[in-house]
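**Student:** Assemble the whole structure, with the sequences as input and the hints as a guide.
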Amino acid sequence: MSRFVPLSEMQEDEQNEEETTIQEKVIALINEAQLVNSNDKKLVCLNQVRELIVNKDPSLLDSFFEEVAAFQQDRSVDVRKFVIAFIETACKKDCHYLMRSIQIIRYIMNDSNVTTEKRSISCFIQLYRLSLQYLVKMKTAKKEELDMWEILKEVKLDICSKLHGENDGLRTMVIKFIETVIILQTKKEPLSEPPRAVELEFSLDMVPLSHPILKQSELREESGILLVQLLELTGFPSISSVNLMTCISSLCAIGRQRPLHITTVIQTFEVLQANLPPSFTSSQISSVTKHLKSQLLGVLRQPGSLECRPQIVTLLTVLGAPQSEISKNTPKDVSLASKRTRSDNEGLHSKKAKLDESEEGEEFSSRGNILMEAIELTTADLKPLLTVESVVELVMLSMSNLPRLLPRSFSHSFTPIAAAGNDAQVTQLARLLASQMTAAGIGIGAQTKGLKPSRKGERPVVSDPRSGIREPTPEEEREREILERERLGKDKQVEQDETDPADLAKSLAELSYLGSLLGLPDIRDPQFPLAYSAFFGTEPMEVLPTASTGESSHSNLIVIKKENDDTTSPKEDDSKWRQSLAVPQKLKKIRAFDLSSIVKPLPMNEQERLSVAAFKRILATETGGSSTVLSQARTKLVIHLVTQFGGEFNKALLVFILEDLRSHFDLALSWLYAEYCIEEQLLTTPTSGTCQYENCLIGLMSGARDKLDNRDRLFTRLVLEAPKITPNALSIIKSYCRDEERAFLGITTLRDLILKKPQGSGDFIEALLDITTSDLEMARLQSLHIVKRFYSRPSLSMRIEKYSIRSLQKLLSDHPSFQSDTELEVASEWTEESIKICSGLFLSLLPINTKLLKELAIVYTNTIPTVKRIMLKLIDQPVRSIGMNSPELLELVEKCPVGAETLIMRILYILTEKAMPSSELVKHVRELHKRNSNDVRFLIPVLHGLQKSEVIAALPEFIRLSPNVTKGVFDRLLTSSKGESNISMSPISPSELLIALHNIDCRGDDNLMKAVIRATGLCFAEKGVYTQEVLAVVLQQLVDQTPIPILFMRTVLQSLSLCPRLANFILTILTKLISKQVWKQSKVWQGFIKCCESLKPHSFQVILQLPPQQMEEILKSSQSLRHPFAAHIKELAQRGSVPKSALQIMERLTSS
Amino acid sequence: MESLRFAVVCSSNQNRSMEAHHLLNKRGYNVKSYGIGSVVKLPGASANEPIIYPFGTTYEDMYQDLYQRDPHLYTQNGILQMLDRNRRIKPSPERFQEATEDKFNIIFTVGEKIFDTVIDDIESRGPQIYSPVHVININIQDNLDEATFGSFLFCEMCEMMSDSEDLDNEIELILLEFEAKHTTRTVLHSITFY
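Protein chains in written order, with this note's numbering: chain F, 32 to 1183; chain W, 92 to 285.
Source of the hints: derived by calculation from the structure; they are not laboratory data. Remember, predicted model here, so these are calculated numbers, not experimental data. Ideal Cβ placement from N, Cα and C applies to all residues, glycine included.
Here are some, though not all, of the chain F residues that point toward chain W, as calculated from beta-carbon distances under 8 Å:
1. Q157
2. N198
3. R227
4. S272
5. T277
6. T312
7. S314
8. S318
9. H322
**Tutor:** See below:
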């Protein structure tokens, strides 16, 4: 917007200093308002502008109107609202701005903001009145005024079209607008309530019949149509209480100001009072009832209401108004007024006739009068019929149609009947019945009045504000025909309905479409006419057979409507809507539109197809975000439909949920729970229910399997949150566990189920245990891990234990057998794998519960050797973790069942492999050995724990074992002395061991002797252990013994051969032996000789020390010694140091 | 958006409406309070002898007057404290029927009679600017405790209404929600136009 400098204005107003400053101020403020960003500041500026223009100098309005109006395009709602307020003020000041203002309002009204939309309507209400007041003064039709009137009509139509919009607040304003239009476009009457201010006054009678722009008949017709719309709005079952109250106020205002319409209004209220929307809460009902009551009292106060005062009083009594209040609000001049009314009434028909000729529009009120007359006729007809007996019978008949619970509305609107049975009350009852019957199109009144053959001619010509007078469209014609037919069918129910079904279906489609466009009220309760007809002897009308089909046919209607909508383009739709606005709707008003009587159910499959299609569309309305009230309601609706109808709905919902299980998870759960609840209810009755819940769960789970990632925990969540896991559902989880890809998820799901659903954990744990014997190693290990953790729970331990034993006992059979999927597989041979599978669980439990060792021993003793061998291998880990301090283990070791020796042995080996045996263990092994003394093998593992004496005592037994075992024993005894750890010390030192070997008494036992020799051999083989020094110690100790051990000399010789350095030491040994008269022990003596031989020539010195007899003996027996020794003697003789005896012996030997 | 304009109406513009006025003011709502009766009545020495002032008398004058009469009695029954609070809020009680220039979005009333009178009064002025106003009634007894309790109820409702983006469209839901929360309270609602 360019800056505005009104130069001409300035020149004109130069003389007025003050005015100029105001003008300058205004300019400055407008410029500032254009520039500032803040809405608040902008509003402050603009408000100042308004203040200056309106209050200080209205003449400036002309200069600045457009400048301010230009803010209509501002982004801020508040600024736009200011513009509306501004032009409103401007128009009130000077009606020359009307044209421009209306254009602005039209612009702003198309705004998407509801607030400005509402504000524009409230402004337009005033502008419309001002415009009419302005236009009516026009004597000739100028183009400008004609254009203005066209725009006015356009905006008016636009506002009226919003009556069926979404927004309650907006609708409130539209209702108010319609009220104003009706009042402006009808004639003032003598008894009209006067307007509050003279300047507000405008009514149709101010418009001259020959006005160039405004056409009286056109305006009247339009007001008539609008009144019907307003009246019908009160019958909408979905109307909000706010709108209903606005409607009531508006109708009462119309009634007060235009008494001609009071009858119609009261008539509508009578129907409304008995048919408040069922969705209202008690407080809404009391608010509406109270509102209606006070509004009616307001009408009653008006002298114009005299004509139908009895009806108003009756209605007020029904609404619970006390008599005192009624009489307080009744005007005093009754007698005078009533007299006049009566004369009016008498002249009504003649006046009507006159009016009908000249003023077509009067027809709307006469339509109301026809309705009233119909009700009066029916009332008169009914009244004599209402004897006590017939009323009782009527009550009894209706009894079955009453709801089980007292509806809220009833308790609020019910007032006890004070004087039951008196004439006034009977009349009132007859009236009530009559008004409902007439509304339903039955009864004598409706028949006589509603079936006037002139009806067609009476139809008012429709006015379209843009196209002027037009003929009814073919569609409207058809609609009317259908309505006609429907009414005929209803009124002459005794006759057969001759309409053919195909025609009916077509009519239905059309009707529902038109009905939806016209905002046709919902089908009213058909029960009342039924009860009536049954009682009064006419044929009952066709009523939809059951509630459920009623519901489905209803949804069909929606479907048809929707489909029709789909085929209509928005623009076309809009124009149709406008046309429909202009359709004379009074036809429907006269007899209630009862679809049920002309509707035939669609074929089953068609119903199904349509309902499923509708359901799918409901599903497709997802908006995202589960917290909103709307989507909660949607979920409820969907679940309700599915649980109630199942079948195709189920499939559709399942497909929908599985499209994106994650985001539809809540829906899935709600569904599951709903099905579950239903099933639970069915279970309480003996009839077996369907397994709908299971189908639903299975469907979801299998869907999850197909759609989700193999490790997606959503599956687990689904299973966990499902109210119940059925056997089939469990088998799906099991199938997960058998699948290598999904086993992980399956097992963790089972685990969580056991943890979180204790009530069904029996089945779950059983399933989990089955996996522990699965041939899928990964699954097996994982499940074992989990089961082990569960084992510590007292509630589960027994079950797990039993299962583990059972599976271990499978090893007793000759061939392995497995439960794989469904059939029992029998393999021919036990393999390591199969044994591992059977014993896996048991062995993993073993360290936790050592009491199970007993079972192990029992099974072990009875199995075949192959199994035994593998089992010995498998127990390694568990036994190691049990350790040697477990009492049960010690007990088992001590008792050692027959046949389990190898097992015990293995256990002992495992235990002592890397640790020093505990004293407890040694004690128990010792006990075992004592009882079972022939088997020294038990002692081997615990050698390190034994006393030296015990080792020595058992030594003969050890060396008698197979060479390998003996070597093992010696290894243990010798190696550990090196000390792998400090604790593990052999009880016997290597030298002691060798000495002990020599001291074994093996006289007369060659085998033992051989064993000892072998054992010493083993010792000598350990060169690292038996060093020169050790051997020297051994020899030294042995030589001091008496008698010398038999094998002594053998050891000496071996020592010599191993360690030649020992030669000198051995010579001293030999010398010692001489002193011990070694020749007395023949074996040792032979050894002695051999030793001398191997030590020659150093041994000659020793030989010389022998007594002569022995010296001779030695030289005789050993040829190899003889000559070297002789040479040695000779040498010695030369030096003269040879004993005589030696020389003599030598001579004897050489000579012989 | 412009903030909502609230009014609270009781009979004398002393206790119930002022208590609510005080609280709503403190919470930052745009609020005014009114009495609907023909005169301002305060409890006197006995139930039959109410003290009567014409509308327009300031709270300050009433305070001084009662203090002169019987400081003990009027301290005991809480009237002086109430007047003291009131004089800090505004100078004097206002009569609803006289304040025709003030336009509101919401009018709270504390009794059915007051509710009816308010609606009748607005309607008797005739439509001028066609601006809708919601009149909402919750019955509250005329004593200090109930007034305090009532003020919290009104405050809660104000909060719900101020949170609403389109009050005219959502008022029904708001009232339903409110009633669901306070099941013992019946809410009367009506709509009329300035």
